[in-house]
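Position 84 of the sequence shown, counted from 1, bears residue number 168 in my numbering, the numbering being contiguous throughout.
Hints were generated in silico from the structure; no laboratory data involved.
The structure presented is a predicted model; accordingly, all values stated were derived computationally and were not measured.
Take the hints with a grain of salt, since some may be wrong.
Said to hold, decoys possible - When the alpha-carbon atoms are kept at most 20 Å apart in a straight line, the in silico EDC-like pairs for lysine to aspartate or glutamate are as follows:
| id | residue 1 | residue 2 |
| --- | --- | --- |
| 1 | 177 | 238 |
| 2 | 205 | 170 |
| 3 | 109 | 136 |
| 4 | 215 | 180 |
| 5 | 109 | 126 |
| 6 | 205 | 180 |
| 7 | 205 | 218 |
| 8 | 99 | 136 |
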Amino acid sequence: MSSFQIANERLRAGKLDEAVVAYQKAIEENPCFSWAYHNLAEALTQQGRLEEAIVAYRQAIQLNPQSAWTYHNLAAVLTQQGLSTEAIAVYQKATEINPEFSSKTFFADHHKLSQEQQQAKIIEYRDRIQKQPEQAEFYHVLGQLLQIVGQRTEAVACFQRYIELQGDAVHLEFYRNLGEALLDKTQFPEDRQQQINQAY
85 MSSFQIANER LRAGKLDEAV VAYQKAIEEN PCFSWAYHNL AEALTQQGRL EEAIVAYRQA
145 IQLNPQSAWT YHNLAAVLTQ QGLSTEAIAV YQKATEINPE FSSKTFFADH HKLSQEQQQA
205 KIIEYRDRIQ KQPEQAEFYH VLGQLLQIVG QRTEAVACFQ RYIELQGDAV HLEFYRNLGE
265 ALLDKTQFPE DRQQQINQAY
């Protein structure tokens with residue numbers, strides 16, 4: 085049995101320390117095998133070693149840049165670390181590779197934050213917008229957080245502002261899913277809703 089197979093068994097059994105050691109050994113034996121890095125990152129994430137997990141996921145992506153699953157997992161860890169703006173870009177990359185990875189997943193990850201974390205992030209992104217009011221992604225993140233805590237009207241305003249700033253650069257598939265999850269279609273600007281409908 086290879087070190088990678090042993091590591092997978094340890095991971096399934098919840099023996100995280102042993103799994104990490106075995107994955108590291110598997111990487112030593114075959115440093116070009118992307119899934120060893122990917123699975124190592126999963127084990128590290130379960131241990132709460134998020135910064136190390138991010139490094140491992142990035143190494144996996146360098147070796148296999150077409151793995152939507154690795155981008156998806158990396159984005160989830162980035163979200164846990166409070167790096168939501170970067171996580172959005174990574175989720176979009178996962179969606180480009182495999183449309184099954186949609187913005188709904190990103191939205192679900194924000195639900196995992198505690199109420200205190202959600203409120204802290206709302207304050208953080210309000211401050212960011214005050215300092216950089218033309219940074220579109222800040223409105224997107226703030227809109228998601230506001231929707232989660234029930235501030236729907238302000239969330240809609242944030243998403244509409246994001247669309248205004250992004251213009252034709254809006255990722256239509258991404259925002260169709262987001263619209264289905266968060267917004268009533270009548271709340272999109274009419275010209276943008278027509279553009280979304282024409283794309284499908």
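**Message:** Does residue 136 sit within 20 Å of residue 99, going by the straight-line distance between their CA atoms?
**Reply:** It holds: about 18 Å lies between the C-alpha atoms, which stays within 20 Å.
**Restraint check for residue 215 with residue 180, where alpha carbons must lie at most 20 Å apart** = Judged against 20 Å, a Cα distance of about 31 Å means the pair is violated.
**Hint consistency between residue 205 and residue 218 [alpha-carbon to alpha-carbon, up to 20 Å]** = It holds: about 19 Å lies between the C-alpha atoms, which stays within 20 Å.
**Pairwise hint evaluation, residue 170 against residue 205, where the allowed Cα distance is 20 Å at most** = Holds - the C-alpha atoms of residue 170 and residue 205 are around 14 Å apart, at most 20 Å.
**Message:** Please verify whether residue 205 and residue 180 have alpha carbons no more than 20 Å apart.
**Reply:** Judged against 20 Å, a Cα distance of about 27 Å means the pair is violated.
**Prompt:** Does the alpha-carbon distance linking residue 177 and residue 238 stay inside the 20 Å limit?
**Reply:** It is violated: about 27 Å lies between the C-alpha atoms, which goes past 20 Å.
**Prompt:** Is the Cα-Cα distance between residue 109 and residue 136 20 Å or less?
**Reply:** 16 Å, holds
**Message:** Holds or violated: residue 109 and residue 126, Cα atoms, limit 20 Å.
**Reply:** 16 Å, holds
Comparing the model with each numbered hint stated earlier shows that hints 1, 4 and 6 do not hold.
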